[in-house]
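Protein sequences appear in the order of chains A and B.
With this note's numbering, you'll find the first sequence wraps up at 179, consecutive numbering, no jumps.
With this note's numbering, you'll find the second sequence wraps up at 1185, consecutive numbering, no jumps.
If you're looking for bench data, these hints aren't it; they were derived computationally from the structure.
It is possible that part of the hints are untrue.
[Said to hold, decoys possible] No more than 35 Å apart at the CA atoms, straight line, and that leaves these computed lysine-lysine pairs for DSBU-like:
(1) LYS1168(B) - LYS22(A)
(2) LYS1138(B) - LYS1176(B)
(3) LYS1034(B) - LYS22(A)
(4) LYS1070(B) - LYS39(A)
(5) LYS1183(B) - LYS1168(B)
(6) LYS1176(B) - LYS1096(B)
(7) LYS1070(B) - LYS17(A)
[Stated by the list, open to error] Pulled a few chain A residues facing chain B out of the computed Cβ check, cut under 7 Å:
(8) LEU18
(9) PHE36
(10) LYS66
(11) GLY107
Glycine included, every Cβ here is placed at the ideal spot set by N, Cα and C.
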Amino acid sequence: MKKDKLHNIKSTGYKTPDHYFESFEDKLFERLFEEELIDGVENTGYTVPKDYFKTVENEILNKINTEEKPVINLRSRTTFYYFAGIAASFILLFGLFFNNNNSLSVDMLNTASIESYLHQEDYSTDELASLFLNSGISESDFIDINISEETLYEYLDNTDTEDLIFE
Amino acid sequence: MTDELEFIQRLQNNATRETAFRELLQLYKERLYWHIRKIVISHDDADDVLQNTFIKVYRSIDKFKGDSKIFSWLYRIATNESITHINKNAKRLQITNEEHKTYAINNLKADVYFEGDDIQLKLQEAIATLPEKQQLVFNMKYFEDIKYKDMSEILDTSEGALKASYHIAVKKIETFLKSD
């Protein structure tokens, strides 16, 4: 194809954003001056007291030589905690075994107080039921009634047994 | 030449430096941009390199002895800055310079700052296949029409070697364009 000849291609096809060359100088000068500003800063501005570096060396050496603080023996402190722990255990034991005159038990509470407490604390029946872990529990565990055979026959005679079956 | 010497003196004089530098920018920014763009391909890279080039020129103008023309000096700095930029990019992407060039060319189709047609794109692909020196010589001669004498100063290569490079580059490109 004739168009494919090299001499037919006169330009690269590259272009620039609009007004690129017009704005280039401003952008360049901005960068130049910014960098010059930073380059112009040769030090941080911090100063030290007069002759600081001449004296600091001796000050450090003096401190190293004179300020030898006493070494704290860690073992003595551990022993103290050890004995303190034993003493505390004894105090606790005495407290538990010899000072229990005012101990409380469930028997000391009357039923009305427990009911009132449960009522005030707003326990739901589900929450209370969850406390009963014995799965074999039945209503009869709480009712101590002796039903005579006569009463039972009488009951069954007067009741529609079909209803009981459906239940 | 006298004008150029005087211009260099103005660039090196603190009192006149800024005005002279603005003149230098006016004269060379576009030419150097296109020279750089052909080496680095993308506009963003070209913009970076153009700025770096002029910053380097501004800072080292005192060291310019006037041994070569200011035009050659500027082109030499721009060329070196472009190659350094490509090397850095290639290193960052952990690829070779040649792979980087191919990568840049592959991105050209999607580049909003490329409006070339298929044949122009193919020419750029063809140039990318050349060794670095041949690419430089071809671009400078074919698109910028820089004289071999000036090119010799910029690239620090003899005129004869440049002519040979250009001749080889043209042959390779023509073969590439005829393929497919």
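Hints, verified against the model:
no., hint, verdict
1, LYS1168(B) - LYS22(A), "20 Å, holds"
2, LYS1138(B) - LYS1176(B), "15 Å, holds"
3, LYS1034(B) - LYS22(A), "21 Å, holds"
4, LYS1070(B) - LYS39(A), "28 Å, holds"
5, LYS1183(B) - LYS1168(B), "23 Å, holds"
6, LYS1176(B) - LYS1096(B), "31 Å, holds"
7, LYS1070(B) - LYS17(A), "44 Å, violated"
8, LEU18, "5 Å, holds"
9, PHE36, "6 Å, holds"
10, LYS66, "38 Å, violated"
11, GLY107, "74 Å, violated"
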